[in-house]
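Undergrad: What follows is each chain in one-letter form.
Protein chains: 4
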Amino acid sequence: MEMQNWKRVLLPYNQAVDELKVKFKSIRKEFIALDEYSPIEFVTGRVKKISSILEKAQKKNIPLEEIEEKIEDIAGIRIMCQFVEDIYKVIDIIKARDRKDLVVVEERDYITNTKSSGYRSYHMIIKYPVQTGHGEKWIFAEIQIRTLAMNFWATIEHSLRYKYKQNMPKNIQERLNKAAEAAFLLDQEMAEIREEVLKCQESFQEESNL
Amino acid sequence: MEMQNWKRVLLPYNQAVDELKVKFKSIRKEFIALDEYSPIEFVTGRVKKISSILEKAQKKNIPLEEIEEKIEDIAGIRIMCQFVEDIYKVIDIIKARDRKDLVVVEERDYITNTKSSGYRSYHMIIKYPVQTGHGEKWIFAEIQIRTLAMNFWATIEHSLRYKYKQNMPKNIQERLNKAAEAAFLLDQEMAEIREEVLKCQESFQEESNL
Amino acid sequence: MEMQNWKRVLLPYNQAVDELKVKFKSIRKEFIALDEYSPIEFVTGRVKKISSILEKAQKKNIPLEEIEEKIEDIAGIRIMCQFVEDIYKVIDIIKARDRKDLVVVEERDYITNTKSSGYRSYHMIIKYPVQTGHGEKWIFAEIQIRTLAMNFWATIEHSLRYKYKQNMPKNIQERLNKAAEAAFLLDQEMAEIREEVLKCQESFQEESNL
Amino acid sequence: MEMQNWKRVLLPYNQAVDELKVKFKSIRKEFIALDEYSPIEFVTGRVKKISSILEKAQKKNIPLEEIEEKIEDIAGIRIMCQFVEDIYKVIDIIKARDRKDLVVVEERDYITNTKSSGYRSYHMIIKYPVQTGHGEKWIFAEIQIRTLAMNFWATIEHSLRYKYKQNMPKNIQERLNKAAEAAFLLDQEMAEIREEVLKCQESFQEESNL
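Chains as they are written, first to last, in the working numbering: chain A, 48 to 257; chain B, 48 to 257; chain C, 48 to 257; chain D, 48 to 257.
Same shape as in the complex, but just chain A (with noise of 0.2 Å):
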C-alpha cells in the first residue's frame, strides 16, 4: 500500500482515537468537577504504527485488504485507574453506553485470567462510528483498562519484549515475572489500604447516625 492510501485507511482512526480520548477524558473531568471521587486517572490513545500493522498482518496471515476488519487494535484506548476496584466502575460506565456512542464487540478479562507472561489488563473491543468529511465510517477500536502498577509493569514488559523480540534471556524474563509480582503486591496493598478505608467511613457514619 502506498503511504498516500495508508494516510487515507489510518485517517478515521486518528479521528476515532481523538474523540475517544475527549469523552473519556470528560469523565474524569466530570467526577473532579462534582468533588466526586473518579475511577478514572487518566486515559492516553495512539493508532498503530504501520510497520507495526503490517508485522502483525504478516504474524497472522491477514491479507492487506482485511486489516480493517481482522485486527481489533489499530485505534487502541488506555485508561488508568488507582485501585483495581475502579476497573470495573469503568467496564460498567463504558456498557452503559453500548449502542448509545459505541457498540461492545467483545470483552477479555487479564486481570481474572493474567497472561502467562504476567500480564494483566481488561481489554475491551467496540466498534466506534466516525462522522469523516466523506460520510460515516465504523472501525474498531480496543480499550485497555488497567491499575498504573498494571501500566507500569507492561509498558516496561512491552519495551524489553521489542527490544528482544522472540528471544528474551531467561534471566530477564525471570526477572519481569518478578516484578509481575511485586506490581501484583502492590495493586493488593492498594486494595486492602481502600477497604480499610471504607469501612472507617462507614463505622465513622454509623457513629454520626447514633
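Check before you lean on any hint, since a few could be wrong.
It does not matter which identical chain is used: a pair holds within one copy or between any two.
With a Cα cut of at most 25 Å, we get these calculated DMTMM-like pairs of lysine to aspartate or glutamate [stated by the list, open to error]:
id, residue 1, residue 2
1, K117, D133
2, K184, D145
3, K212, D120
4, K72, E112
5, K210, D82
6, K95, E116
7, K184, D82
8, K76, D133
9, K142, D65
10, K217, D65
11, K76, E115
12, K217, E189
13, K136, E49
14, K162, D82
15, K174, E242
16, K210, E132
17, K103, E119
18, K96, E221
Calculated directly from the structure, the hints in this document are not laboratory data.
Model the placement of chains B, C and D on the given structure of chain A, informed by the hints.
TA: Chains B, C and D alone, transformed into the frame defined by chain A:
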C-alpha cells in the same frame, strides 16, 4: 442557583463543546491530510458565561428551570471559512450527519437575510447526546458558520455592543455599518478571485485534454 | 541530508515554536484575565516544511550546511491583532524582552512599506535559545505581526502563489490587488471605529470629571 | 486579598507552569524522535489552589505579603520516570540549564532520605523568569522528580492525608507504610531488570566486537 448546581448543569455543555470542537477540527485535518482544499479554516467553541445566561433568561422572561430547553446557545461552536461558498459545503457536511451523531433542529440564514446591525452568519441549532459518567443527556448547541471577514466584523461589533449596551453612540453605529460594508466587499472580492481561479483551472484542464 | 538528520536539525526549531506559542498566548491570557484589552487576538506557529527549506536554499543559492545561519524563518510565529495600532503594542512588548528570553536581530516593516504584491505585515527576526536534552542551542525565528484582515489576504495570496508558482494569470493577479485594497480599506474602517470609540471615552471621562 | 488581586498574583505562576511543562515535554519528544531512551516518562504541572496557599501560610506563620518569597511551591512541576536511575539523569539535565533559562536554588533528596511517612521523591527549587505583558518577573517553582511507583504511592497518600488531615487512623497509616514498602520493592525489581538488560547488552557488544 448555587455555584455547585451551575457546575452540574454546565458540565455536559462543556463536554459537548470539547467533543464537537474535536469532531469539526478532524474534518479540517482530514482534508489537509488528503491534500484537498478544506472548507473549514478553524474552529472555536465556548460555553456561555453564567452571567450571560442569566441576562438572556431575564430579557426573554425564561424561568430558571426552563433555561436548558429554551436557551439554545449555552453550548456554542463557531466554524470559520475562507469563502462564502465554503459555508454551504460545511452546512452539507453537518446535514449529512443529521440523525447520526447529532440532530439538526433549526437553521437560521443571516447571510441571505443580513441582520439590520449588519451581522452576517449561518446558524444551525442542533441537539447533541452527551454520554456523562451518570448517563446520557441530550443538549442543545448552536453552530455558527461564517467567513473570516464576517467573523472579524462580528468580533468587533460584539465588543462594542458589550461596551455600550443599548446606548451605542450614533457615529459609532454609522462607522460599524461602513465596516460591515467593507467586510462584505472583501468577501465579494474573494468570491470573485475564487471563481476566476476555478475558471482558469477548467480552461487549463480542457487544454490538457486536447 | 537523510531523514534522521533532518529530524535532528529541526527538533530545536519545533521546540522553539512550541515554547514561543505558549509564551505569546500567555500574554493574551494575561490581558483577558485582568479584564484588559488584549492587543493579541491569536497566535499560530509552524516549522517550515523540508521541501520549502530546500526550495528556498536553492533559490537563494545557500549550501545545505549554511541553512541554519542563512534561512531565518525555519521557525515561524504569527501574531494576529484586531487593529493596526495593536501591532505596534505587540512590537513594544517583544522589544521589552530583548536580551531577556530572546534577542531581536532585525525588523522589517511591510506595513509602512507595502510589498508590490500588496502584502502587509510587520516582521521581526529574533535569536532564541533552546535548551535541548543535549545542551543549549541558539536558533533564528521569524515573528510576523499582522491584523486579521492582513492575515486573511495573505493566506489566500499564499495559496494562489503556491498554486501558480511564477505563472499567476494576469486577471487573478489583478483580482488579488483589488482584494488587497479591500483588506486595507477594512483595516482603515476599523481604525476609524477605534478612534471614534476612544474619543467618546475621553469626552465621557471629561464630563464625569466636571 | 480580593479575587482580582489573587488573579494578578497567580498569573505569572500559571504562565511559568505552562512554559515549564512545554519545556520538559520537549525533552521527552526529543529523545523519542531520535529513537533514544527517554528518562522522562511524562510531565504534569499545577498552580497551588488559593485555599492551599492560605492553609500553608497560616501553618507556617507567613504574612500574606511575604507569600511569594516564602512559599516555594506555588508553581509545581512533576516529572515521572520509569527507573530510579532516570531521576538522576533528569537532575543532570536540569542542572545543565542552571543560569540559562532557570536558576537552581535548592535540592531536597527524599530518595536517599525517605520521609518518615514513606514519601520518596527528588525536589528541586528553582527561580524562573516570566516575561509578562507588564515586564519581567522572577518566581519560585518546585520540580518534583519521581518514578511511576513513587508517584502512584504519593498520589494515594496525598488523597488520604487530605481526607483525614491530622487524624489518619492508625490501621490506615500502617497499611500506607506497607504500600510504601511494596512501591519501593517494585522500584528495586525494576532497577534489577534494568541492570540485567544493560549487562546483556554489554556482553552482546563484546561478542560482536570479537
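Undergrad: Determine for every hint whether it applies to the structure shown.
TA: Results for each hint:
With identical chains, the CA atoms of K117 and D133 are never at most 25 Å apart, being 30 Å at best within one copy and 38 Å at best between copies. Taking identical chains as interchangeable, the C-alpha atoms of K184 and D145 lie at most 25 Å apart whether they share a chain (17 Å) or sit on different chains (15 Å). In this assembly of identical chains, the alpha carbons of K212 and D120 lie at most 25 Å apart only when taken from the same copy (20 Å versus 43 Å across copies). For the identical chains of this complex, K72 and E112 are neighbours neither inside a copy (33 Å) nor across copies (29 Å), given an alpha-carbon limit of 25 Å.
Only between protomers do K210 and D82 lie at most 25 Å apart by alpha-carbon distance; the minimum there is 12 Å, versus 43 Å within a single protomer. Only within a single protomer do K95 and E116 lie at most 25 Å apart by alpha-carbon distance; the minimum there is 15 Å, versus 38 Å between protomers. With identical chains, the CA atoms of K184 and D82 are at most 25 Å apart between copies only, with a shortest distance of 20 Å across copies and 37 Å within one. For a Cα distance limit of 25 Å, the shortest separation of K76 from D133 inside one copy, 16 Å, qualifies, whereas the shortest one across copies, 31 Å, does not.
Within a single copy, K142 and D65 get their C-alpha atoms as close as 20 Å, and across copies as close as 22 Å, so both meet the 25 Å cut-off. Within a single copy, K217 and D65 get their C-alpha atoms no closer than 39 Å, and across copies no closer than 44 Å, so neither meets the 25 Å cut-off. In the homo-oligomer, the alpha carbons of K76 and E115 lie at most 25 Å apart only across protomers (21 Å), although the nearest pairing inside one protomer, at 32 Å, exceeds that limit. Taking the shortest alpha-carbon separations for K217 and E189, neither the intra-copy value of 31 Å nor the inter-copy value of 42 Å comes in at or below 25 Å.
Proximity of K136 and E49 under a CA criterion of 25 Å is satisfied in neither setting, with 42 Å inside one chain copy and 29 Å between copies. Within a single copy, K162 and D82 get their C-alpha atoms no closer than 36 Å, and across copies no closer than 29 Å, so neither meets the 25 Å cut-off. Taking identical chains as interchangeable, the C-alpha atoms of K174 and E242 are never at most 25 Å apart, the minima being 35 Å within one chain and 42 Å between chains. For a Cα distance limit of 25 Å, the shortest separation of K210 from E132 across copies, 19 Å, qualifies, whereas the shortest one inside one copy, 33 Å, does not.
Taking the shortest alpha-carbon separations for K103 and E119, only the intra-copy value of 11 Å comes in at or below 25 Å, while the best inter-copy value is 44 Å. With identical chains, the CA atoms of K96 and E221 are never at most 25 Å apart, being 29 Å at best within one copy and 45 Å at best between copies.
Against the hints set out earlier in the document, violations occur for numbers 1, 4, 10, 12, 13, 14, 15, 18.
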